[in-house]
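Trainee: This is what each chain is made of:
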Amino acid sequence: DAGVIQSPRHEVTEMGQEVTLRCKPISGHDYLFWYRQTMMRGLELLIYFNNNVPIDDSGMPEDRFSAKMPNASFSTLKIQPSEPRDSAVYFCASSLGVGYQPQHFGDGTRLSIL
Amino acid sequence: QQQVKQSPQSLIVQKGGISIINCAYENTAFDYFPWYQQFPGKGPALLIAIRPDVSEKKEGRFTISFNKSAKQFSLHIMDSQPGDSATYFCAASPWSNDYKLSFGAGTTVTVRA
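First to last, the protein sequences are chains C and W.
Residues in the first sequence are numbered consecutively from 98, following our numbering.
Residues in the second sequence are numbered consecutively from 11, following our numbering.
Derived from the structure by calculation, the hints contain no laboratory data.
Ideal placement from N, C-alpha and C gives every residue a C-beta, glycine not left out.
Each statement offered as a hint is correct.
Restraint-style ranges between C-beta atoms, simulated for each label pair:
hint, chain 1, residue 1, chain 2, residue 2, range
1, W, T38, C, M137, 27 to 35 Å
2, C, M137, W, K81, 20 to 28 Å
3, W, A55, C, G113, 31 to 39 Å
4, C, F171, W, A55, 20 to 28 Å
5, C, M137, W, Q82, 21 to 29 Å
6, W, S17, C, P199, 18 to 26 Å
7, C, D154, W, V64, 31 to 39 Å
8, W, K81, C, S124, 36 to 44 Å
Non-contacting residues of chain C with respect to chain W, defined by C-beta distances greater than 10 Å in every case (computed):
hint, residue
9, T117
10, K121
11, I123
12, S163
13, A164
14, R182
Cut-off 25 Å, straight-line C-alpha distance, at most; resulting in silico cross-link-like pairs (BS3-like, lysine-lysine):
hint, chain 1, residue 1, chain 2, residue 2
15, W, K52, C, K165
16, W, K78, W, K67
17, W, K52, C, K121
18, W, K110, C, K121
19, C, K175, C, K165
20, W, K81, W, K68
21, W, K110, W, K78
22, W, K81, W, K15
23, W, K15, W, K78
24, W, K110, C, K165
25, W, K15, W, K68
26, W, K52, W, K25
27, W, K110, C, K175
28, C, K175, W, K52
29, W, K52, W, K110
30, W, K110, W, K15
31, W, K78, W, K68
32, W, K81, W, K67
Sequences are here, hints too, so could you generate the full structure?
Mentor: Now the structure itself:
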């Protein structure tokens, strides 16, 4: 079975540009999570969705960040305008249900803002 | 601040040795404690998890020990192998509708052949 699929795997762009990261969760999973990983701050939860509805976006750092889930098989995380401090690895994860269910992570998007 | 404190930041162990990673938490609402393993260029993957109704859980060479009164839990990797070289994250969450994992800072384990 296909796991969580993220694209692109790598993104290098200039400061001020719009960046869109994409995620396809595992089919049938009803929770989707966006994380950011940096050396300084580790793994941070940015936002999560349940049945395509955003539940908690308290981890979104600024208004420059936005996330959408238009359907059960697709989500985007957008940064506009991007800044060098946004450079990080962004992970998408999905899970089936709540409680003691594992989160399945994609392989991430390594984002570099010059 | 991080709700789960993990140590050490890194460790080196010889093949066949034991790796021990420790985590501590303060939030008494936490009642699910998974460990994730991450290889370079990959996302974290669930390795093993424990609930506080047991003090130990073993899966193959990996064992979680849990001390509820001390609010501490640890991962032991027995007979460490070079393929175990990875970064390990402990995490915690409350079993509720607030379904958010809090991750530790991670421990990079290097197993020398």
